[in-house]
Amino acid sequence: MKNRDRNNEQHQQILGAFQTALGQENVSDGPATMNAYFGDWLPPKTLGTSVPPEFVVLPNGTMETQAIVKICNRFKIPFIPVGSNQWSLSSAPNRPGTVIIDCKRMGEIHEIDEKNMFAVIEPLVSLAQLHAEANKRGLYIGSPEASAQSSAVAGHLFQGMWGVGHRIGVAYRNILGIEWVLPNGEILRTGSFSQDPACGFWGEGPGPDLRGMLRGYAGALGGVGVVTKMAVKLHPYPGPRTWPCEGHIPNQVSILPEDRFSWDIVKYDDLEGAINFMYEVGRAEIAAVLQKWPTVYYAWWWANSNEQYWETWKKRTFQDNVKNAVGVSLWGFTSKKQFEYEKRVLEDIIEETGGKRIPREIYDLWVPRTANNWIRDTNGSRMMRPSGTFLALRLPTDTLRNSIGVVRTGYEWVNKFSPPILDSDGPDWIGGYDFGHFGFGETDFPVEKTPEDLGDLMNKLLGMTKEDLQNGIENGIGPFLGGTYHAMAGKVFKYDKLLKGIKKAIDPNLVSNPPHNIPVED
Amino acid sequence: MLKELRNIVGAGNILDDQATLDIYSRDKSLNPPKKPSAVVCPDNTEEVQELIRFANKTLTPLIPSSSGIHFLGATLPEQGGVVVDLSRMNKILEIDTQNRKVKIEPGVTWHQLQDALKEHEQIPLNPLMPHPMTSALTSSLEREPMLIPKYEYGDPVLTMQIALPSGDIFKTGTASDEHTDGAYPEGPGIDFFRFFQGAQGTMGIVTWLNLKTEYRPKHQKAFFVPFINMGDTAEPVYRIQKKHIGSECFVLNRFLLASLLSEERHGDFGKLMDELPPYTLILVIAGSPRRPVERIAYEEAALMEIASDLNFQPGRTVGGISGLEHSMLDKLRNLPSEGGYWKTRFKNSTQDIFFITTMDRAQGYADLAFRCAASYGLNINEVGLYMQPLERGRACHISFSFPCDLDSSKERANIRNLYIELSMKLISEGAFFTRPYGPWADMIYRRTTTYTDTLKKLKKVFDPNNILNPGKLCH
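In the order they appear, the protein sequences are chains A and B.
Heads up: the first sequence runs through residues 1 to 522, numbered per our numbering.
Heads up: the second sequence runs through residues 1001 to 1475, numbered per our numbering.
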């Protein structure tokens, strides 16, 4: 099926309605624009599973967004809200007649309440922008691996396993009040916004918390409407008021004050040793960042080019030196004395657990270029350098203990799927969150961005996910597929009836990015 | 009906005599009594499921109740029906020290939980000196504020098992996958766990819950800071919290602190009222498992720097009361197994009005509350005020306590009128009542039509026959 012809009568009716609501300049149906909106670094466009939208609209604010959603309901046409548009597995149109609601005109930071440590933002505000404004006020926020160039609103609604989540939790714990246009066009305000649209300081309630509809391990993927305003937590930050960058990309480095910030990369003989160390750091309630990165990350984040990556990889610069290593960053939140205290505690833990710091030359090679960058920008965009894209095959969160099994099973699947998976040295990213209460395991790897390799791998991943579901395993990658996955997993984990009921109740015309978050057509 | 109920829970676990029904028809709130037709006491999840199936078949309301101690009217059967008393389901199913979590049934009390965790060197994240016989599960599920604001990730609820209003069993978060440790709250699908929180048992009956625990400090110091005005506490607490200092941190006015301390000082309440300052900030600086004394030292030094800067005086006591530090730490770490509840020591009930706000607005709400109390003829020296900073001081929980003699109809009526008027005034001034009990439900839900409408739609998805605690919230 194809989109309606631009001269089609109904197309013109819809176009006219959008233009009346937003003005001609904020509505497009031009082929060039449409072609820019149906793919990114992910497989759909490469594999030909996405189609161009029929309209792209640029509402400004909640009321204009509401008008667009009501028009979509009137004509029963699907819409997809996009923020920074980095996740085409769900944000690329999968059916004709789709309207992209691009939040490009909603980039305002409405408020930063320095005293009470929260910000109220619109969807286009990037995490980098918010970081910069927060830092000026002695505050900070986390970034997921999608990088700080992504939408802060979308980042909070998607997976959101922040690099700095060890102390401040991950994204889902950091959402406060929300203003949100439901699929039926009603405006829903949650948390303290529900009582006063000017006050976003609290997220829950009143009563049962409707934020639950928006989240889930990978969010609702546009299946439950459009968030137009969100209050998010900010956190006390002991660093400089402007991010201390030197040099130019790709050789830019970030240098934080040594009397308040440090990095240690501590190596263990095996994964169990590394995880034991992470538990001890969490139990001691020290550090701001605690991550066991796989060797492939060290190479990904460090290399400036495809050539440099493969050259370094062949020399085994990182594989031989950082296997089973944990990165720890200490921050002096309270004082220099606190910072010194945490150094002593860390030293005790390293000694007791038999850890060894990685060789100095490797530390000096890697840390200045990449480690501090992880705090603000993360390094996700650098993961495209070796082969144009990367994928993951398992990434659930539970306990640190559980994450060992996750990545070990991941190795086995990586081996089964190589090729097309490229060499990745047993990828095993394990993040520690909430002072060691949670552990996140992820198995990701480079893959050539060709239709053949991606198509082959996508089929394999889908097969793996189906097999996992047969065994009652939630592998963490499934939820990123949205509706397709929930249609299968909902039956296994017994949430399909409830989720379908909710989708039908708030999206009676099924216009909000179908088939997400679950298909309801029988 | 009784025959069928007996078949489900056994003859000995169903109560329908008038004396018992009278007890279950009222609680410590001022909400009008509502009599159930029976009380059943299931022993396990399967029995709960059977009760729900029976309720759907006969369209009988079920009112979940996890302990016999209730202050807010949430377990009064608004539309009649059967009270499901879950106090027999009182097992601590697992203590996972490595991952700092505990799995509990609804009948587990705060005292029981704190006591069981001691030998594992853990503590629960409990509210301020809860009644020791109240349910830890319900308290956490209902989002009662915890005493330790340093955990910026807040909410201690992890995963849970629910008997849905359909009778089906549902597990939230990673508990839905048996290959995990059941620690992570998100999913499956969406964040279902949020719909069962703050729901007053209207969305399902939770039959077990995984909660975060934290280490039990072996070294700790308590500091007390006197203040004349409530508003003067805000800046010190903001600064303390932003500098990551301390563990438990809260503010009590003279009346509540005297009530809390006098529990073991019979007849000493008046003396405490004379000695204590109008407001006291209580801050516990606790050592961590490693180098605890050094940790206390740097946090104490940082506290003193702030004190010097802002000109306040942290001490190991306040008002010259001897043994105060030891007494306070003992109360926080060792909930009594029985005996009177400190908040009802003064009169036989306390009517509390609580809400969420930010600390810089607290003084305004305090002024409003005391003015309103005075206009109803109350002695404002006998009105309690508790301020609990939340999440490093980003927000705070404020609670005003009005002691009330439930045996005096005149006093009941007076406090009830004050309660209604003050609640409405606070709401209109921006106080956020995130847990709308009793008369607050109408006040809150009529101000937010889309939220209310959407919540009703969800309730219909979960509970199409409206059998679970009908009449509560907006249902």
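It is possible that part of the hints are untrue.
EDC-like mimics (lysine to aspartate or glutamate), calculated; alpha carbons at most 16 Å apart, straight line [claimed, not checked]:
hint: 1; chain 1: A; residue 1: K136; chain 2: A; residue 2: E111
hint: 2; chain 1: B; residue 1: K1218; chain 2: B; residue 2: E1305
hint: 3; chain 1: A; residue 1: K336; chain 2: B; residue 2: E1305
hint: 4; chain 1: A; residue 1: K136; chain 2: A; residue 2: E114
hint: 5; chain 1: A; residue 1: K497; chain 2: B; residue 2: D1168
hint: 6; chain 1: A; residue 1: K491; chain 2: B; residue 2: D1442
hint: 7; chain 1: A; residue 1: K416; chain 2: A; residue 2: D453
hint: 8; chain 1: B; residue 1: K1425; chain 2: A; residue 2: D196
hint: 9; chain 1: A; residue 1: K504; chain 2: B; residue 2: D1442
hint: 10; chain 1: B; residue 1: K1221; chain 2: B; residue 2: E1094
hint: 11; chain 1: A; residue 1: K337; chain 2: B; residue 2: E1119
hint: 12; chain 1: A; residue 1: K504; chain 2: A; residue 2: E521
hint: 13; chain 1: A; residue 1: K337; chain 2: B; residue 2: D1442
hint: 14; chain 1: B; residue 1: K1425; chain 2: B; residue 2: D1367
hint: 15; chain 1: A; residue 1: K115; chain 2: B; residue 2: D1360
hint: 16; chain 1: B; residue 1: K1425; chain 2: B; residue 2: D1442
hint: 17; chain 1: A; residue 1: K70; chain 2: A; residue 2: D196
hint: 18; chain 1: B; residue 1: K1218; chain 2: B; residue 2: E1142
hint: 19; chain 1: A; residue 1: K449; chain 2: A; residue 2: D425
hint: 20; chain 1: B; residue 1: K1456; chain 2: A; residue 2: E186
hint: 21; chain 1: B; residue 1: K1457; chain 2: A; residue 2: E114
hint: 22; chain 1: A; residue 1: K115; chain 2: B; residue 2: D1232
hint: 23; chain 1: A; residue 1: K315; chain 2: A; residue 2: D423
hint: 24; chain 1: B; residue 1: K1347; chain 2: B; residue 2: D1405
hint: 25; chain 1: A; residue 1: K494; chain 2: B; residue 2: D1367
hint: 26; chain 1: A; residue 1: K115; chain 2: B; residue 2: E1305
hint: 27; chain 1: A; residue 1: K336; chain 2: B; residue 2: D1168
hint: 28; chain 1: A; residue 1: K323; chain 2: A; residue 2: E452
hint: 29; chain 1: B; residue 1: K1034; chain 2: B; residue 2: E1078
hint: 30; chain 1: A; residue 1: K416; chain 2: A; residue 2: E467
hint: 31; chain 1: A; residue 1: K343; chain 2: B; residue 2: E1294
hint: 32; chain 1: A; residue 1: K337; chain 2: B; residue 2: E1300
hint: 33; chain 1: A; residue 1: K336; chain 2: B; residue 2: E1300
hint: 34; chain 1: B; residue 1: K1243; chain 2: A; residue 2: E114
hint: 35; chain 1: B; residue 1: K1118; chain 2: B; residue 2: E1094
hint: 36; chain 1: A; residue 1: K494; chain 2: B; residue 2: E1178
Derived by calculation from the structure, the hints in this document are not laboratory data.
Fair warning: this is a prediction, and the values are worked out from it, not measured in the lab.
Practice task
Measure nothing beyond the straight line between the CA atoms of K136/A and E114/A; if it is 16 Å or shorter, mark the hint as holding.
Solution key: holds (10 Å)
Practice task
Could you grab the alpha-carbon distance between K1221/B and E1094/B and see if it respects the 16 Å cut-off?
Solution key: violated (31 Å)
Handout entry: Holds or violated: K336/A to E1305/B, with C-alpha atoms at most 16 Å apart
Key = holds (13 Å)
Handout entry: Satisfaction of hint between D1442/B and K337/A, Cα-Cα up to 16 Å
Key = Since the Cα atoms of K337/A and D1442/B sit roughly 51 Å apart, the hinted pair is violated (cutoff 16 Å).
Handout entry: Distance restraint between K115/A and D1360/B, which requires alpha-carbon spacing of 16 Å or less
Key = holds (8 Å)
Problem - 16 Å Cα cutoff - pair K449/A, D425/A - result: Violated, because 20 Å separates the two Cα atoms, which is more than 16 Å.
Problem - Satisfaction of hint between D1442/B and K491/A, Cα-Cα up to 16 Å - result: violated (37 Å)
Handout entry: Restraint status (C-alpha distance of K336/A to E1300/B at most 16 Å)
Key = holds (13 Å)
Handout entry: Given pair status - D423/A, K315/A, alpha carbons within 16 Å
Key = holds (13 Å)
Problem - Given pair status - E452/A, K323/A, alpha carbons within 16 Å - result: Violated - the C-alpha atoms of E452/A and K323/A are around 31 Å apart, more than 16 Å.
Practice task
Could you grab the alpha-carbon distance between K1425/B and D1367/B and see if it respects the 16 Å cut-off?
Solution key: OK: K1425/B and D1367/B at ~12 Å, within 16 Å.
Practice task
Would you check the hint for K1456/B and E186/A, treating anything up to 16 Å between C-alpha atoms as holding?
Solution key: holds (14 Å)
Hint check: violations occur at hints 2, 6, 9, 10, 11, 13, 17, 18, 19, 21, 25, 26, 27, 28; the rest are consistent with the structure.
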